[in-house]
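Chemist: Below, each chain spelled out in residue letters.
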Amino acid sequence: MTRIKLALAQIEARRENKKENLRKIQEFTNKAQNQGANLIIFPELSLTGYVMRDQVYEMAETLPGPSSRIIQDLAKETGLHIIFGMPELSEKAKATIFNTAVLVGPKGLIGKYRKMYLPTHSVFEEKRYFRPGNQVASFGTSLGNIGLCICYDLFFPEVCRLTRLKGAQLIVAISASPAVRRSYFEILTVARALENTAFLAYVNLAGIEEGLQFWGGSRVAGPNGDLIAKARYDVEDLVICDIDFSDMKTAEASIPTLKDLRPEIFAELKREAEQF
Amino acid sequence: MILAPNVLDLDLPETVSRITRFIKGYFENSGANGLVLGLSGGVDSGVIAALSSLSIGGNRVLGLLLPESETYSSKDINDAKLIAEKFGLKTQVCEITPTLESFYTTIPVFDPEDRLCKGNIKARTRMIYIYYYANKLSRIVCGSSDKSEAMMGYFTKWGDAAADISPIMDLYKTQVRKVAAYLGFPPELAEKPATPALWPNQLAETELGIKYETLDLILYGLEHFMSAEEIVSQLNIEASLVEKVKSRWLSAEHKRRLPLTVKLEYRTIGADFRLPREGY
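Residue numbers (this note's numbering), protein chains in the order written: chain D, 1 to 276; chain Z, 1 to 280.
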């Protein structure tokens with residue numbers, strides 16, 4: 001498919017209430033289905049809410065697991081692809097957890113991405129609870145090639161660049177970003193799309209958890225950096241938009257960042273980063 | 001970073017919107033019947049009263065006026081009532097002098113000359129009244145501490161800072177004054193000299209030994225990891241002043257936290273027992 005319809009499901013997650021969040025995921029997915037969407041995207045940790053602290057050990061599930069199976073059934077029933085975020089319990093351990101984005105389709109689980117860059121500064125304490133992932137994710141689907149990343153990953157252009165080089169046409173960034181960081185993400189989302197001449201869909205939480213006010217503002221940036229769609233700030237919203245992968249050719253021809261890549265500097269980048 | 005007054009500028013509509021959403025969200029999640037707050041006639045509690053009313057409606061906000069004989073000020077009472085009327089919240093006056101007198105006469109070692117210890121009884125007594133109303137009416141206590149006071153430890157431990165939420169604790173005093181002006185407070189009230197009202201004629205700036213305009217810039221610099229030397233150089237002020245502020249800020253951390261305990265078991269309250277603050 002070259003043209004698909006995206007649904008940005010900017011929800012307020014109910015903290016530590018998977019039942020309610022699953023109900024909301026179903027409600028938004030049904031609405032998106034009625035509007036002809038092919039893919040619906042929910043925010044980071046949308047299954048559980050963001051601020052769990054020690055309760056994350058109660059909330060985490062393996063993948064596949066009970067909640068992901070419910071969402072797989074929903075995808076099958078509606079024919080939509082669904083991306084959501086959850087704390088993923090390692091199958092081989094009892095308290096090793098990843099902050100994971102999950103992609104399911106009508107035929108089942110397609111893939112997952114474990115957040116590589118875990119913010120542990122300011123109000124964030126993700127490294128205390130999560131193990132970082134170690135690989136980018138790009139999946140071939142019936143809708144096109146979809147890459148996944150999560151929130152703070154956007155500050156590291158190499159994540160999106162590698163995801164793009166693995167073939168992603170649409171990079172999906174799910175997020176739980178508080179309002180004081182809004183201006184950063186408004187820049188980063190456009191920059192990551194433009195520098196990779198790819199589509200980037202950013203879906204943020206709304207609502208307030210523990211004084212953190214998630215700013216919403218979910219958006220889709222096109223391969224030339226244009227904003228294609230934008231959700232409201234701060235509150236729940238469902239935004240539907242079309243993207244056409246054929247637009248990437250036009251953008252790539254006039255902004256040929258991929259053609260102009262200079263792999264020879266990457267070795268030096270690696271060396272300097274290691275010694276920094 | 002250039003430490004100039006404009007670093008304390010606010011996007012006022014955005015700030016008010018964020019605070020009112022915070023109050024409303026917390027209130028709705030709590031299942032409480034309303035909010036209770038102490039209404040002193042000062043700018044902090046006036047701003048909290050206004051923001052609370054804007055958040056959930058004045059009919060669900062109760063402002064307690066808690067005068068006592070030594071610090072009684074008809075101007076404070078009038079200012080408190082003016083704000084209550086302007087923002088439509090209910091008020092209740094509780095004269096606390098008899099309660100204070102009973103403390104003064106029943107504490108065997110009570111020293112009337114020690115105005116700090118005596119003043120702290122006043123702050124804690126006000127807290128007891130406020131929490132009584134909150135318990136009785138199933139309400140939340142909305143605190144009015146600002147960031148300047150909180151950083152300096154310029155409050156009575158378990159007294160005036162005791163609250164369930166403190167919606168303006170991330171705003172410096174000079175920023176609270178800007179919010180007050182934005183909300184339509186009369187200029188003389190927005191700029192009214194602050195006092196904890198622990199003893200007659202007590203003024204915060206006199207006691208702290210610094211104007212809030214300068215204090216807030218020093219605190220802003222410390223908040224942003226600036227060294228004392230950088231702050232002194234930029235503000236062109238005495239190094240001893242900055243050191244005094246920094247020392248007071250650091251030594252007051254015990255007032256901002258739960259009591260310290262010794263680590264004995266698997267998870268310890270106040271240390272590594274880390275739960276979300278709001279229940280679910």
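Do not rely on the hints blindly, as some may be mistaken.
As the list claims (entries may be wrong) - Derived contacts from chain Z toward chain D, CB cut-off under 10 Å, selection only:
#1 Arg18
#2 Trp249
#3 Pro276
Said to hold, decoys possible - Calculated lysine-lysine pairs in the DSSO-like style (CA-CA distance at most 30 Å, straight line):
#4 Lys255/Z x Lys244/Z
#5 Lys246/Z x Lys90/Z
#6 Lys24/Z x Lys31/D
#7 Lys18/D x Lys76/D
#8 Lys263/Z x Lys127/D
#9 Lys255/Z x Lys127/D
#10 Lys18/D x Lys270/D
#11 Lys94/D x Lys136/Z
#12 Lys244/Z x Lys127/D
#13 Lys24/D x Lys255/Z
#14 Lys136/Z x Lys118/Z
#15 Lys127/D x Lys249/D
#16 Lys263/Z x Lys18/D
#17 Lys24/Z x Lys19/D
#18 Lys230/D x Lys86/Z
#19 Lys230/D x Lys24/D
Claimed, not checked - Reference listing, derived: stretches of chain Z covered by chain D, where coverage requires no fewer than 3 residues with Cβ under 8 Å from a Cβ of chain D:
#20 86–95
#21 218–229
Note that these hints are calculated values from the structure, not bench results.
In this text, all values refer to a predicted model and were calculated from it rather than measured experimentally.
Each residue gets a CB set at the ideal place from its N, CA and C atoms; glycine is no exception.
Chemist: Against the structure, test the hints numbered earlier, and report the numbers of the ones violated in rising order.
Modeler: 2, 5, 10, 11, 12, 13, 15, 16, 18, 20 and 21
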